[in-house]
Amino acid sequence: MKIMHLISGGDVGGAKTHVISLLEELSKGNEVELVCFVDGPFAREALEKGINTRVLKKRSLFHVARNLKKYLKNKQFDILHCHGSKANVVSMLMGRASCPILSTIHSDPRLDYMGRPAANWTIGLLNRVALRIRDGWVAVSDAMKERMEGRGYDGGRMHTIYNGIGFPKKLPHLPRQEYLSGLGLDWDESCVVFGIAARIDPVKDMTTLVKAFAKTVADCPNARLLIAGIGDQEQEIRALAAELCPAGTVHFAGWVSDMNSFYHALDVNLLTSISETFPYAITEGARMRCCTISTAVGGVPKVVIDGETGYLITPGDVDTLAQRMTAVVRDAKLRAKLGGAIYEKVRTEFSVEAMGVRQEEIYRSVLHRRDRESQGRYGAVICGAYGKGNAGDDAILVCMIRQLRQQDPDLPITVMTRKPRQTAMLTGVSTVHIFNTPAAGRVMKKSQLYISGGGSLIQNVTSNRSLSYYLYSIRQAKKAGCQVMMYGCGIGPVNGEKYQAQAARVLEEYVDLIALRDPESLETLRAFGVHTPRVHLTADPALLMEGDDAAAGRYLARNGLNPQGNYSLFVLRPWDGTQEKLAAICAAADYGWEKYGLAPLFYTLEPSRDAEITRTAAGMVKAPCHVLPPVEEGAALCGLMGRMGLVVSMRLHALVFACAQQTRVAAISYDPKVSGFMSYLGSDCCVELDRLTEQELKTMLDRAMAQDTPHQVGHLKALANENGILAGELLRM
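Note that the numbering used here numbers the sequence shown so that position 159 is 159, with each residue one more than the last.
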């Protein structure tokens, strides 16, 4: 590939390190050129590293834009990759370029000019406008990616790449005492040196740092603080340190170029920012085995696992920061343990080689997508009950997207949802409001495949309006030219001859392929008289959801529970008759505690509907119990199911997640889809809600607990995987 990277050239710190490190890697297999606007340390360092570097002397941004556009076209570059506000603005002024344009988002564009209102409303505003006009973006942390998606950026064009760092065999550095002496410091070996390398401006929040250090040094007189950096807030922070801290305990080192020696001189590396992407300050300190304490911002939690590879605090939390600092001053073994742990994590997971490979993958994806879009239809649209706060439906969506990506990693995917920004942040794909019919129609006209599913959309037990809407959307997609697929879905119940006839007519005339999640749905479909579409019996896509056991353990610990405890999980929902059966359900929860030692937990899969009935039930249980808050990620929720000794659920997808994790289940069926799944699984641990009794439920718990191997779900997972294969066939038609 022939790639141009564009940057102002006045950049320092993390952005400079990222670009030069990245270009060194990319240059090994590609034709790479770096273009700067100014001739300075950035351009000279790049030249010293062997990077092909060109400096465009700028008379005005318009002049630079005109020359750059001609140069891009004449030299036939494949990609223009921009870094920073000036580069973004220049690329915008070029108009339509001859190649795709990407921008790396190194920091929050709303905070780049924090404390500088004039700059914020000039170059800052132009930068935010320019960023909207890209072929793609590269965020240097998942957190920044989610933040930008939450602001309406197209998740389908937003990529993540974490800053990588090199691990050469030798890292030249000065001995600690020699380095400190060179700064004019007489701190001896008994001192515990904290350090931070960052711009001294409000976004780095050194006010919190100095206040916390003042508390620490009051308890631990051997603590010291070394601040490397310059910035607009420097005089303010110097004055605060002089006011709060004993003389000689805080030193401002100014601009530091020898970062290896700086980090080698530290015992503890600090970062107190209120916003970051993925700061090199963390990985550079880790490379020197520094114990690390940081705010939980941006991509930092990817590296700093609280209590394992360092400590995380909330931005602005002076007291907690002081407590953590005091703890590591007093315990040299703890410092060494945390420093060694973060070194190993960064060395194995965040290398500069991995960063280069990932960047090339992004370039190929962008080029492939542009090429396919130029040939005509390309993409898939997914419509379902998304953005309604139901963790089960959201997990289905994540699994569907993963399966489609297995068929085509670059496939543009758009989800029709009630909460576009929330769904974009969850899935990382494009979204449109489910009732924005014109926008949905425009996407359908560009896409190859329309997917209705998963879940039970073709039913009217919950609403006649929802059935009519989903049938209308199927017609709209087919008329727009899409192949139409029902994806691992359930059919029915559909009550009323009018609605049954309507559903049968639409499915017969407008659907190309129907993949059903259970035999009962197949029987319902045949009863409707639907025979024209291809029909396959598969299984629920949510069976393929992978569990994150570590995240589940941390979730339990945050909620005051022993991650290794023995628990039963109850998942209820309001339905006709549920209230009358609560006494029996709660008696069974107490029975599980008394006989099997299963401490009952209650969880709401759809909080907006389930919270009240769940709180009521928990209040009736005699055993010690907890009502758990929602889990944000489906993988963590599945991990939670995997840690349970038993899951008793009315909600279908709690049963599906638990079975996927080989956890024992007992089902309370309020709907044929629940009993249908349990029958498909081959389990007799299911009781109908209307005939549930205390004794029946206790007996069912005994049956579930007696099973050494709770489920044989391998065959269902294989069938669930067929959903994606069938979708791939339609995409290739």
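Please note that a few of the clues may not be correct.
[Unchecked claim] Once the Cα atoms are required to be at most 20 Å apart in a straight line, the calculated PhoX-like pairs of lysine-lysine come out as:
1. Lys2 with Lys49
2. Lys345 with Lys169
3. Lys28 with Lys57
4. Lys73 with Lys2
5. Lys2 with Lys75
6. Lys169 with Lys215
7. Lys169 with Lys70
8. Lys622 with Lys698
9. Lys345 with Lys302
10. Lys28 with Lys2
11. Lys698 with Lys717
12. Lys28 with Lys16
13. Lys498 with Lys446
14. Lys498 with Lys445
15. Lys345 with Lys446
16. Lys49 with Lys215
17. Lys333 with Lys345
18. Lys16 with Lys49
19. Lys57 with Lys69
Hints in this document: simulated from the structure, not taken from any laboratory. Bear in mind the structure is a predicted one, so any value in this text is a computation, not a measurement.
Legend entry - 20 Å Cα cutoff - pair Lys333, Lys345: Satisfied, since the Cα-Cα distance of roughly 19 Å is no more than 20 Å.
Inset, instruction - For the pair we were handed, Lys57 and Lys69, check the Cα-Cα distance against 20 Å. - result: 15 Å, holds
Legend entry - Pair hint outcome, Lys345 versus Lys302 [Cα-Cα no greater than 20 Å]: 10 Å, holds
Inset, instruction - Quickly compare the C-alpha distance for Lys28 and Lys57 to 20 Å and report which way the hint goes. - result: The hint is violated at about 28 Å.
Legend entry - Given pair status - Lys698, Lys622, alpha carbons within 20 Å: Answer holds: Lys622 to Lys698 is near 16 Å, not above 20 Å.
Legend entry - Satisfaction of hint between Lys2 and Lys73, Cα-Cα up to 20 Å: 12 Å, holds
Legend entry - Straight-line alpha-carbon gap Lys49 to Lys215, limit 20 Å: With a Cα-Cα distance of about 44 Å, the restraint between Lys49 and Lys215 is violated, given a limit of 20 Å.
Legend entry - Satisfaction of hint between Lys446 and Lys498, Cα-Cα up to 20 Å: 33 Å, violated
Legend entry - Holds or violated: Lys28 to Lys16, with C-alpha atoms at most 20 Å apart: 19 Å, holds
Legend entry - Proposed proximity, Lys169 with Lys345 (alpha carbon, max 20 Å): 17 Å, holds
Inset, instruction - For the pair supplied as a hint, Lys16 and Lys49, confirm whether the alpha-carbon distance does not exceed 20 Å. - result: At roughly 13 Å apart (the allowed maximum being 20 Å), Lys49 and Lys16 satisfy the hint.
Legend entry - Hint consistency between Lys2 and Lys75 [alpha-carbon to alpha-carbon, up to 20 Å]: 9 Å, holds
The structure is inconsistent with the numbered hints 3, 6, 7, 11, 13, 14, 15 and 16, although it conforms to all the rest.
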